[in-house]
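Student: Letter by letter, the chains look like this.
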Amino acid sequence: MSGDAVVTLRDVARTRGTEPDSFTLEVPSLTVYQGECVALTGPSGCGKSTMLDLLGLVLEPDRAKVFSLRGHGDDAIDVAELWQDNRVDALAAVRAVGIGYVLQTGGLLPFLPTRDNILLSPTLLDMQENDLVDHLIDRLRIGHLLRKKPRALSIGERQRVAIARALAHQPALLLADEPTAALDPVHAIEVTELLLELVSDLDATAIIVSHDWDMIRSLGFREIRAVPMKRGAGSATRFEG
Amino acid sequence: MTKRRRHPGPVRQLRHAAALAWRDMLHEWKVSLCLVLALAAVLAPLLVLFGLKSGIVSTMTERLKSDPRNLEIVVKGNNKLQADWINALRARQDVGFVVARTRSLAATTGLRGPDGQSAPNTDMMPTAAGDPILPATMPVPASLREVVLSHTVALKLEASTGDRVDAIVSRRYQQRSEAVTIPLTVIGVLPEAAFVRDAVFLSLPLLIATENYRDGFRVPELDVVNGDPPRADARTFAGVRLYARTLDDVATLAQFVRDHGYDVRTRAKEIETVKAIDRVLSFIFFVIAGVGITGFLLSLAASLWANVDRKRRDLAMLRLMGLGTGPLVAFPAAQALLVAIGGIVLSLALYAGVSAVFNTVLAANLNRDEFVCRLYAGDGAIAALLTIVFALGASMVGGYRVAKIDPAESLREL
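Those sequence lines, one after another, are chains A and B. Using our numbering, read the first sequence as starting at 1 and increasing by one per residue. Using our numbering, read the second sequence as starting at 1 and increasing by one per residue.
If we strip away everything but chain B, and leave its shape as in the complex, we get (with noise of 0.2 Å):
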């Protein structure tokens, strides 16, 4: 009947370890409901708050923040600017965009829709690729023949993506009064909120024809004939459409546009209170984050220790039947790792629910791209990692201190 054992490695020790672990968690189901509910009761609203923070918070503070009107940097009066001169904007990494524009009076045209529907003394503006005005799915328009309207211009008109617009652009040249039909293809219509005042958006080569043809020259692009033949020198533009890339950037390319010897205007004030909004905003969502999140972590680890505390009892009893350090510390960290694992998937769970809810109430606010509430899987991985590593190093300090104490001390309890 006698024969002899050998005490087993570690690894079996750690599964034998587990295994009870888990058979006391059924046993105690719910307890370990409530340690699971416990957890997600604080984690869910957390999720919540990032998910509000990277969605709406996020959308409404970038959309202020990349405004085009408080973006722009309008270069005032009617000046020589060189080609030379703004392509070497252009290449500034704080400019989002430039281009250039002509004599602010030659760049009104009269515009006839497709009905016969007219909008005298329409503002041309030059675009092109980038142009911040312009929503990033629109064409842009790049021949002489394609525009893109403003709401209001397009309503005048009562035109549409498609349709056939003609501008009429006078001129009196050797004392008789002139004027060119530029048909247009509408390839665009602004939403009311990109520009509210009436403007019809074509490209740069367009702009400078129509001027070349105010100016009394012959435009063979635009199939004038009659005129002064195309002057040789290098031409020079009045002025430019400006916008800084970022807020930030706005101050230090303004000055160094006044450096030049240029008066320039910015909505300092706007870019102020933006600003302003989104220090309050960061600042707000950080306060609540941190109370949160230490919050969170600071009820998981008093639940979970005082778990082990509860369990002191049988973890002494397996000590005393020989189950080394490690497995015994294993016992209550196989707990809370499950405790935390359950705890994250109800949170997700609920989160999910959460975040459907907002974004469907609330979509009408919102671009077909934007959510009032997102979790990115980078937050979410590190709010899971965060409370798995709290969960495991509560309960396995706990278990830690049950296995440090005499197991005769803990017997005497019994």
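Bound conformation, chain A alone (with noise of 0.2 Å):
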């Protein structure tokens, strides 16, 4: 892979309850480049959603000798920092600046119709109207529910909407947990193939956590698959890439 590098870690590690029933998320290292589209692969309860959780700024590491985030042409964020400082105001802006978000559920707000909340990032960051929702609507194709509350769709639509959502701010990184789970399998690889012509649309990079290998492959993500592994009384997994 060619390009800058928009996520970097070095030695990050984040441990959760006590042991014997320990679980352990170790990254030696991994770099995502721009344009990149990663999955996180790997049987159920291994980490995914944690190792998500620590790219998506949610989740404080234990330990990161480097954490880094690159946005569009800006400079390279030092987020291994902004924890240690406990600068939780600081991740939130570079949370809401730089990364989208679908998750399993699509996570729209109940009050708020379709538009609203496609509009929810942008309005937030005070963002002029631009071509790019209109584009987004158009190609996922959900104009006809802008004005339905999340209540009235299917859960179809549900993600498709949340993926306009995540995007319509032009994000540098997209972070999608396991966001056609609740599909079937046809409509399953139409949205992800959706998401990514999309990701691709906006110069964006995806990491997406995915338990269908089929799809992975077919769609040509770059598989990154968790490694169990032992450690004392819990468990670990190490992500490496």
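No lab work stands behind these hints, which were simulated from the structure alone. Please note that the accuracy of each hint is not assured.
Calculated cross-link-like contacts (lysine-lysine; reagent style DSBU-like; alpha-carbon spacing at most 35 Å) [claimed, not checked]: (1) B:K80 <-> B:K269; (2) B:K404 <-> A:K148; (3) B:K30 <-> B:K404; (4) B:K30 <-> A:K148; (5) A:K230 <-> A:K65; (6) B:K404 <-> A:K230; (7) A:K149 <-> B:K30; (8) A:K65 <-> B:K404; (9) B:K65 <-> B:K269; (10) B:K65 <-> B:K80; (11) A:K149 <-> B:K404.
Predicted, not measured: the structure shown is a model, and the values here were computed from it.
Given two chains presented individually in distinct reference frames, assemble the corresponding complex, making use of the accompanying hints.
Tutor: What follows is the structure, encoded as structure tokens:
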């Protein structure tokens, strides 16, 4: 892979719980380059979501030699230092500007209609209206849903709206936690393809968690597989790539 | 397509958070309405309780405590009191009202009404401005020609305000019976409750003039030229009408007069009863208000706290999308503020209705400027402020808890 690194991790670890029930996530080295689509795979409970939380700046690492994040053309942000200094609002700002999230069940705000859910990040960031949102709505074929609230949408519709919402503020990095887990296989592939297409349109980078190996391989993700390990009395997983 | 963006400042974020909070409330308008109703359901009765306390309870205890019969210190017998001593008494802080009086035997008169009806042996009571027996709105007899009649006397004479009545004062002078007729104008009639016996209230100079007449002097101010020349020595008074300022002053004032060698009588037993009633009512109110306020604040805090807990998921999502701690806490706080304001407005409206009913139905028991139920603006403001502070406090603590837990943890609950 060529180009700039968007995410760089060296010797990052996080332990949850106490022995003998503890779980440790270790990342000796991980680099994701601009424009890449990476899939974190592994069996259920192996720590994929924990890994995504670390990358999404919502879970504090116990240890991080290097943890940096680079947005579009911006200087790399030293996330390790922000965590060390406990600057949670600075981390929130990095999340707001640079990262888009698609959660398993959408995570749309129930009190806003589709259109305002999609415009939430741009609004919170005081962004000017631009063609991007229309483009997303058009490509995801959700134009007829704009006035409906999430409750009135099907699960598939919600996931498409969630993708539009995650990309509307042009984040450098898209994080998606099993975005198609609730969909049937045909829709799952279709939605994932769309997601990849839009990420590429936006010149962004995507990291998704999935347990659907077939789909991951057929769509050309770079796969980073969880490697289970033994650490004392607890369990541990390593991601490297 | 790429461009640099900055994270907006906290003030803009707060505005966005408040706008979202408002839209959430509209979306869940039924829940919002329930919160407002629940708040008003507890606050309105509290306001009515405070209203009754400031209204009827205070009015009644105030009436008991300011009843002149309980405040009076009766100086018994006929004494020789100097005017200076009475003036010194008037200057005391614990004296509510004092006026000199003449010998009690000399202080009766016969009265004749406008149509000839008579009232013999009516007590003449000296009065002056500030007399607790006279209603505050009633004019005070000042000249030698003005009197206020007690209710029973007015009935006997069939006289009312503005009528002319005659006082007939008699004496024996040089072995002959004489009488002088003093024409008087009735400037007021006391309500029945103010004074139950037959009495005519008049100015001290008029009372002194009648005593001088009875003692055989000539009294030019009553057009009496027959009699001894007026005495030259400083005159003394047989007694005083003396009232303490408050119930608590009665005992010390009575002791003061007693210490000067005069025999006094007070209604110590009745005073003790009144004080006991006041103490008991105050204590009952204190307990009910204490329980009510505690319950109100707890239920307010509990329901708003639960509201924040219910929204953990949405708040976690907003946090994930980059809302800082302040704006995140502002979201439930703005909702709590709106609930509090809605609840206060509704409570005040309910209170206004209830107090209007009280004041209308029970108006007969009250004087013109008394209320059964009244809420002072200050009390209302304190209630409103306390409500808002607790609403904000509970929701902000709840919101802060959501902000403090790892967003990841709340997201896993999705």
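Student: For each hint, tell me whether it holds in the structure or not.
Tutor: Now the hints, each set against the structure:
no., hint, result
1, B:K80 <-> B:K269, "29 Å, holds"
2, B:K404 <-> A:K148, "32 Å, holds"
3, B:K30 <-> B:K404, "29 Å, holds"
4, B:K30 <-> A:K148, "19 Å, holds"
5, A:K230 <-> A:K65, "22 Å, holds"
6, B:K404 <-> A:K230, "32 Å, holds"
7, A:K149 <-> B:K30, "17 Å, holds"
8, A:K65 <-> B:K404, "25 Å, holds"
9, B:K65 <-> B:K269, "13 Å, holds"
10, B:K65 <-> B:K80, "31 Å, holds"
11, A:K149 <-> B:K404, "29 Å, holds"
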